[in-house]
Amino acid sequence: MEHDHDPEAIRRRLSVRPEQSYLRDWVYGGIDGAVTTFAVVAGVVGAGLSARTVLILGAANLLADGFSMAASNYSGTKTERDDKDRLRAVEERHIDLVPEGELEEIREIFRTKGFEGDILESAVQVITADRSRWVDTMLAEEYGLPATLRSPVKAAASTFLAFLICGFVPLLPFVLGLPAPVALATGSTAAVFFAIGSVKSLWSLSAWWRSGLETLAIGMAAAALAFAAGAAVESFTA
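The numbers in UniProt numbering rise by one with no breaks, and the one at position 72 of the sequence shown is 72.
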């Protein structure tokens, strides 16, 4: 991302905390939604069951698995925030009980960054003059925590919506009653996998086609396993 580097622009940009990205949650939900729903389709078709069964099981998967993923993402993201609050309380308590020890920790942190002598002591004084800045520095340097964390609600909503949108694609040919629904579901799902990977490349250094093919291979491998499992069950129960 390009931006201006004049002093005022830098000051203005750095005065605002960066926005949190929920790309990971969208990609995670989209891939899993397409994979699991198409896996249901492939498994049911492999078992020789009807299109009505595909729709029933596919819809159940969309809602139940999508909600489960969103709930899990919410809990996991909230745990990260809870852990940061816990560590903040720990550092607050340490500053109250052993302030000299915490000062020495700040001093050592900046010494390892190359600060020495009066410059080092000035840095320590500036950091520890503000209690909030002191604690934030300890959280970042001692525990490696980011300045801001993602919202659990936004993370969960991103995962759920992506799951529903991408997961509905394999069911669409069956919902519309189109001819050759299995072939259409396979093709459209493959397109979704490739599209997710291609879009994901915008936030990486990978070529769009390479990222698309990688995601396509992962998704279709999962579908192939599901189809094989459904065919195996059908052969054993026939």
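Simulated from the structure, these hints should not be mistaken for laboratory data. Take the hints with a grain of salt, since some may be wrong.
What follows is a list of derived Cβ distance ranges for each label pair [unchecked claim]:
#1 Glu100 <-> Lys154: 36 to 46 Å
#2 Ser151 <-> Glu214: 24 to 34 Å
#3 Val90 <-> Ala60: 41 to 51 Å
#4 Lys84 <-> Thr112: 48 to 58 Å
#5 Glu214 <-> Glu100: 48 to 58 Å
#6 Gln20 <-> Glu116: 47 to 57 Å
#7 Asp136 <-> Thr79: 39 to 49 Å
#8 Ala217 <-> Gly177: 25 to 35 Å
#9 Arg111 <-> Ser68: 42 to 52 Å
#10 Ala228 <-> Lys84: 37 to 47 Å
#11 Leu202 <-> Tyr143: 26 to 36 Å
Backbone N, C-alpha and C fix where the C-beta goes; we use that ideal spot for every residue, glycine too.
Tested hints:
no., hint, verdict
1, Glu100 <-> Lys154: 36 to 46 Å, "holds, 41 Å"
2, Ser151 <-> Glu214: 24 to 34 Å, "holds, 29 Å"
3, Val90 <-> Ala60: 41 to 51 Å, "holds, 44 Å"
4, Lys84 <-> Thr112: 48 to 58 Å, "violated, 23 Å"
5, Glu214 <-> Glu100: 48 to 58 Å, "holds, 53 Å"
6, Gln20 <-> Glu116: 47 to 57 Å, "violated, 36 Å"
7, Asp136 <-> Thr79: 39 to 49 Å, "violated, 20 Å"
8, Ala217 <-> Gly177: 25 to 35 Å, "holds, 31 Å"
9, Arg111 <-> Ser68: 42 to 52 Å, "holds, 48 Å"
10, Ala228 <-> Lys84: 37 to 47 Å, "holds, 44 Å"
11, Leu202 <-> Tyr143: 26 to 36 Å, "holds, 31 Å"
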